[in-house]
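Undergrad: I would like the entire structure built from these sequences, with the hints used as guidance.
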Amino acid sequence: MNNPTQTLEELQSRCDDLQGQVIRFLKVEQDLIHTRNQLDRDLARFKAIQSYSQRIMQAESMEEFAEITVEAVIETFEIECSAFFSYDKAENCLKVKSMFGFEEDYTDCRLDDEWITLKGISLEGNVIVENVSPDSDPMGSMGLSQVIISPYHDDSGQLVGMLMGGITVSKKGYYEEISEELVPSFMVFTQQMSSQLQNFEAKRYLNEKVQRRTAEVVEQKKEIEEKNVVLEDQKEELHSMLESLKLTQSQLVQSEKMASLGQLVAGIAHEINNPVTFISAGVDSLGANLDEVRQVLEVYHRLTPINVEEKLKEIEDLKSQIDYKQAIREINSLIESIKNGTERTTQIVNGLRTFSRLDEDVLKVADIHEGLDSTLILLRNRYKNRIEIIKEYGSIPQLECFPGQLNQVFMNILSNAIDAIADKGEITISTSASSGFIRIHIKDSGIGIPDNIRAKIFDPFYTTKEVGEGTGLGLSISHGIIEKHKGSIKVQSQEGKGTEFIINLPLTQKN
Amino acid sequence: MLQFFSASTSIVNSRRAITECLEVALEGEANLDCDLIIIYTAMGHNFKELLSEANRLSPNARVIGCTCAGVIGREGPNETLKALAIMAIKGDPEEFAIACCEFRDNEGTYEKGVRIAQDLKGNNSEINMILFIPSVLPMSPLDEAIKGIESVFGSNMPVFGGASVDNMKGINVYAFFDDKIVEKGWIAIGLSDPSLKVITQVNHGFNILKGLQLEVTRSESNIVHEFNGQPAWKFLTDTLGVPDTTDPLEVMTLGIVAEELPGGLENEYGSKYILRSLFGNSTDTSVAFPVICKEGTKLLLAKRDEKRMFDGVDRMTGRIKELLNGKKPEAIFHIDCLLRGRFSINRVLKDEFINRMQFPICQGEPIPWLGFYSGGEFGMISGRNWVHTFTSSLSVIYRK
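Protein chains in written order, with our numbering: chain A, 1 to 511; chain B, 1 to 400.
A couple of the hints might just be wrong.
[What the hints assert, rightly or not] Each computed SDA-like pair below joins lysine to any residue, with the alpha-carbon atoms no more than 25 Å apart:
{"#": "1", "chain 1": "A", "residue 1": "K119", "chain 2": "A", "residue 2": "T168"}
{"#": "2", "chain 1": "A", "residue 1": "K27", "chain 2": "B", "residue 2": "P243"}
{"#": "3", "chain 1": "B", "residue 1": "K48", "chain 2": "A", "residue 2": "F102"}
{"#": "4", "chain 1": "A", "residue 1": "K172", "chain 2": "B", "residue 2": "N172"}
{"#": "5", "chain 1": "B", "residue 1": "K234", "chain 2": "A", "residue 2": "S13"}
{"#": "6", "chain 1": "A", "residue 1": "K171", "chain 2": "B", "residue 2": "K184"}
{"#": "7", "chain 1": "A", "residue 1": "K95", "chain 2": "B", "residue 2": "N13"}
{"#": "8", "chain 1": "A", "residue 1": "K47", "chain 2": "B", "residue 2": "P243"}
{"#": "9", "chain 1": "B", "residue 1": "K303", "chain 2": "A", "residue 2": "D16"}
{"#": "10", "chain 1": "B", "residue 1": "K169", "chain 2": "A", "residue 2": "N37"}
{"#": "11", "chain 1": "A", "residue 1": "K27", "chain 2": "B", "residue 2": "T246"}
{"#": "12", "chain 1": "B", "residue 1": "K307", "chain 2": "A", "residue 2": "I33"}
{"#": "13", "chain 1": "A", "residue 1": "K172", "chain 2": "B", "residue 2": "P248"}
{"#": "14", "chain 1": "B", "residue 1": "K184", "chain 2": "A", "residue 2": "K47"}
{"#": "15", "chain 1": "A", "residue 1": "K171", "chain 2": "B", "residue 2": "S10"}
{"#": "16", "chain 1": "B", "residue 1": "K210", "chain 2": "A", "residue 2": "V28"}
{"#": "17", "chain 1": "B", "residue 1": "K184", "chain 2": "A", "residue 2": "T168"}
{"#": "18", "chain 1": "B", "residue 1": "K303", "chain 2": "A", "residue 2": "Q38"}
{"#": "19", "chain 1": "B", "residue 1": "K272", "chain 2": "A", "residue 2": "L26"}
{"#": "20", "chain 1": "A", "residue 1": "K486", "chain 2": "A", "residue 2": "L507"}
{"#": "21", "chain 1": "B", "residue 1": "K184", "chain 2": "A", "residue 2": "L507"}
{"#": "22", "chain 1": "A", "residue 1": "K172", "chain 2": "B", "residue 2": "K303"}
{"#": "23", "chain 1": "B", "residue 1": "K180", "chain 2": "A", "residue 2": "G173"}
{"#": "24", "chain 1": "A", "residue 1": "K27", "chain 2": "B", "residue 2": "E226"}
Since the hints were derived computationally from the structure, they do not count as laboratory data.
TA: The following block contains the structure:
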């Protein structure tokens with residue numbers, strides 16, 4: 001049997017051993033926790049570097065880029081302060097671009113060439129971790145106690161700048177000491193930043209280019225707009241001129257019309273004067289004859305059953321005296337003559353009315369033959385007894401047109417044709433229809449148009465007539481009217497043989 | 001009626017960080033105006049910039065805050081040196097009061113507790129809960145501070161919060177009070193909205209090593225001079241098998257000790273032991289406790305246990321849901337021991353650990369959540385305020 005005291009001592013000893021093992025286990029566990037924390041921190045650091053890469057893409061200016069970078073250094077490495085330096089080639093020094101976490105402003109700080117050489121900053125991949133003594137310049141004067149420094153270079157290995165993280169003397173105790181363990185991740189961060197910086201510079205260059213180009217385009221647009229304004233003004237001016245020309249043209253057309261009418265008036269007056277003279281003379285004679293007949297009738301009125309014999313004798317005497325039968329014949333003849341005069345006058349007035357259609361600006365369906373005939377009536381005085389008008393009217397449908405305007409064309413051409421025939425001659429007017437068009441030929445046997453003039457006859461203000469006899473606008477206006485009707489007008493002429501105008505007009509003005 | 005809004009960020013630029021926090025917290029509000037801003041920041045920020053920018057953005061707000069080893073927002077935990085989290089509060093200024101005590105040599109912890117409580121009560125006698133954030137430095141018996149507060153407000157006053165720290169370097173700790181930055185300052189925020197109540201739950205989830213017992217054989221207040229009749233620091237380092245020259249902060253992560261709670265609290269707390277951190281002083285071979293440590297106190301070594309920690313969190317959130325009884329939380333004030341952060345759990349586990357607290361309570365809703373990694377946590381067990389270490393402490397504010 002075991003000694004109870006010995007057993008208790010053994011148990012106590014075993015218990016102590018076990019307790020010792022538990023405590024050792026606690027220490028191991030604590031070490032594991034420490035290691036796990038380190039891993040956690042490394043993981044967080046690399047995540048922060050990734051996040052930084054994404055955030056930096058949002059930077060819109062170099063200042064913002066630098067600001068994000070220094071803040072990211074602090075966040076990623078849990079250090080107190082950070083500064084972003086750029087290398088100034090001209091002055092051969094590093095200048096602060098952005099800094100964060102310092103208690104005072106050191107943005108004027110310059111790291112000169114001596115310092116750059118001393119620290120080996122020009123060497124690529126040279127990450128430096130060092131303690132700073134308070135009297136060492138310039139880091140010491142910035143209140144730093146420890147720094148980590150990493151320069152960055154361009155593709156050709158030229159120094160571009162430097163990234164620095166640090167801990168100040170005043171907060172040294174709260175921060176983990178910057179250890180060599182930080183070097184690889186700080187280097188990765190700097191490389192990341194450097195490559196992002198290159199991207200940023202490229203982006204900035206592109207942006208600047210785009211902005212420049214945009215500014216140019218804006219400038220060009222402005223110029224175009226200014227030119228547009230000038231063009232608009234010119235257009236306005238032209239429009240106004242056009243309006244003025246239209247008005248002038250309208251006035252010219254009107255005056256040409258008036259001139260034509262002026263020429264016509266004499267002839268028309270003469271035409272009307274003849275029948276009116278018949279009527280006037282007829283009415284006088286008719287009055288005298290009717291007086292004689294009235295004397296006979298008055299005797300008849302006095303006739304009663306009592307004086308029949310007496311009055312009948314008186315009537316027979318009176319009839320013999322006045323040659324009653326002759327008077328009745330004359331009355332009938334005079335009435336016929338007056339009737340003829342009236343019809344002739346009516347015909348001329350109707351012709352004039354047809355010719356001068358007041359509805360010329362309204363499209364209407366009209367009979368071309370009617371227009372030609374009314375024009376001929378108005379011109380009759382100028383051709384009668386010397387020019388034979390031969391009408392070869394075909395069977396043509398009515399035409400959609402501005403009738404008054406077309407009549408003006410016929411007036412111009414026929415008037416010229418009459419003028420072209422010095423003595424006797426003929427004018428042949430023929431019409432025909434085909435394929436939606438009608439064709440009007442007006443051919444005279446006049447003097448013809450010389451070749452050197454033919455090309456000019458449609459020019460405005462061109463005339464071969466004496467001053468005061470023609471405006472020179474007749475054919476020009478006629479050409480315009482036919483064009484307005486989407487038709488065509490041609491001239492064929494042989495000097496000494498005559499001239500023929502051929503007018504083609506569509507049946508409808510749609511489209 | 002007080003309204004709460006929270007946000008956190010890891011932006012390194014202090015001005016931008018506080019701006020983002022306020023903008024995110026008060027998103028949907030007409031402007032950034034609020035009445036109180038509570039700021040928790042890690043050591044890397046520029047405190048002056050944080051305060052001046054907060055004041056600029058919300059000129060009518062009182063500003064109060066502290067440094068810490070990391071923050072916990074509704075966005076999750078963040079232990080970087082640029083961690084920042086805020087809680088913006090809107091409401092009647094009569095419904096809250098704030099106080100700050102600067103460090104004074106030779107002032108007792110209890111007296112200081114009384115001073116800050118009187119300051120609060122002088123401003124608002126209707127306070128019904130207190131968020132208390134003393135500095136962990138110098139190491140002082142924080143249970144005495146609580147007692148000081150209780151002496152003014154009564155022992156039923158819920159006191160939650162925790163000790164402000166730096167990033168476990170033990171160099172200095174800062175408190176913020178409007179535009180002032182106070183070294184080793186204490187701050188307290190008293191809420192008096194009568195419609196609000198608070199549920200506090202704490203949990204540690206460690207295994208107790210029932211082998212060697214450390215008995216306090218000589219002590220003074222919270223300073224232990226001897227364990228088992230031997231110089232305390234030497235005994236502790238020998239027991240842990242490390243040289244007595246080891247960094248006290250490193251020893252702290254190894255030498256976690258547990259003290260047995262009075263009977264009847266095990267069921268609510270989930271353990272019959274409460275944990276104590278020890279901060280050694282190699283010069284005079286003493287060890288400092290965060291609470292009064294009487295001679296004769298028996299301590300056992302404790303070991304972190306991941307499974308028990310996670311199980312404990314589940315248990316804690318289950319209790320909170322039970323106590324909320326379907327009510328929606330208005331805000332959560334969270335304190336987690338800095339040794340439950342990156343010093344003991346890796347990032348993935350830590351995220352999961354915090355999510356295991358947030359999801360069951362918030363159910364995916366953006367409930368304002370503000371927490372920090374501390375040097376000691378406060379939380380009630382069975383209606384009594386306790387000082388804890390190595391724990392998670394959740395104080396859930398809800399409307400009655």
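Undergrad: Does the structure keep K303 of chain B and D16 of chain A at a Cα separation of 25 Å or less?
TA: 16 Å, holds
Undergrad: Are the Cα positions of K169 of chain B and N37 of chain A separated by 25 Å at most?
TA: Status holds; Cα separation ~17 Å.
Undergrad: Just to be careful, I want the Cα atoms of K184 of chain B and K47 of chain A compared with a cutoff of 25 Å; is the pair within it?
TA: Between K184 of chain B and K47 of chain A the Cα gap is close to 35 Å, so the pair fails against 25 Å, i.e. violated.
Undergrad: Take a quick look at whether K172 of chain A and K303 of chain B sit within 25 Å of each other, Cα to Cα.
TA: 32 Å, violated
Undergrad: For a C-alpha distance cap of 25 Å, please report whether K119 of chain A and T168 of chain A respect it.
TA: Within the cut-off at roughly 20 Å; holds.
Undergrad: Keeping to a limit of 25 Å between CA atoms, is the pair of K172 of chain A and N172 of chain B held or broken?
TA: Holds, because 12 Å separates the two Cα atoms, which is no more than 25 Å.
Undergrad: Within 25 Å, alpha carbon to alpha carbon, are K27 of chain A and E226 of chain B?
TA: Judged against 25 Å, a Cα distance of about 24 Å means the pair holds.
Undergrad: Is the Cα-Cα distance between K180 of chain B and G173 of chain A 25 Å or less?
TA: Given pair K180 of chain B, G173 of chain A holds - Cα atoms ~22 Å apart, limit 25 Å.
Undergrad: CA of K307 of chain B to CA of I33 of chain A, is that 25 Å or under?
TA: 16 Å, holds
Undergrad: Regarding the pair K48 of chain B and F102 of chain A, is the alpha-carbon distance no greater than 25 Å?
TA: 13 Å, holds
Undergrad: Please work out if K27 of chain A and P243 of chain B have their alpha carbons no farther apart than 25 Å.
TA: Satisfied, since the Cα-Cα distance of roughly 13 Å is no more than 25 Å.
Undergrad: So if I understand the rule, the pair passes when the alpha-carbon distance is 25 Å or less; does K172 of chain A with P248 of chain B pass?
TA: 19 Å, holds
Comparing the model with each earlier hint shows violations of hints 8, 14, 21 and 22; every other hint is respected.
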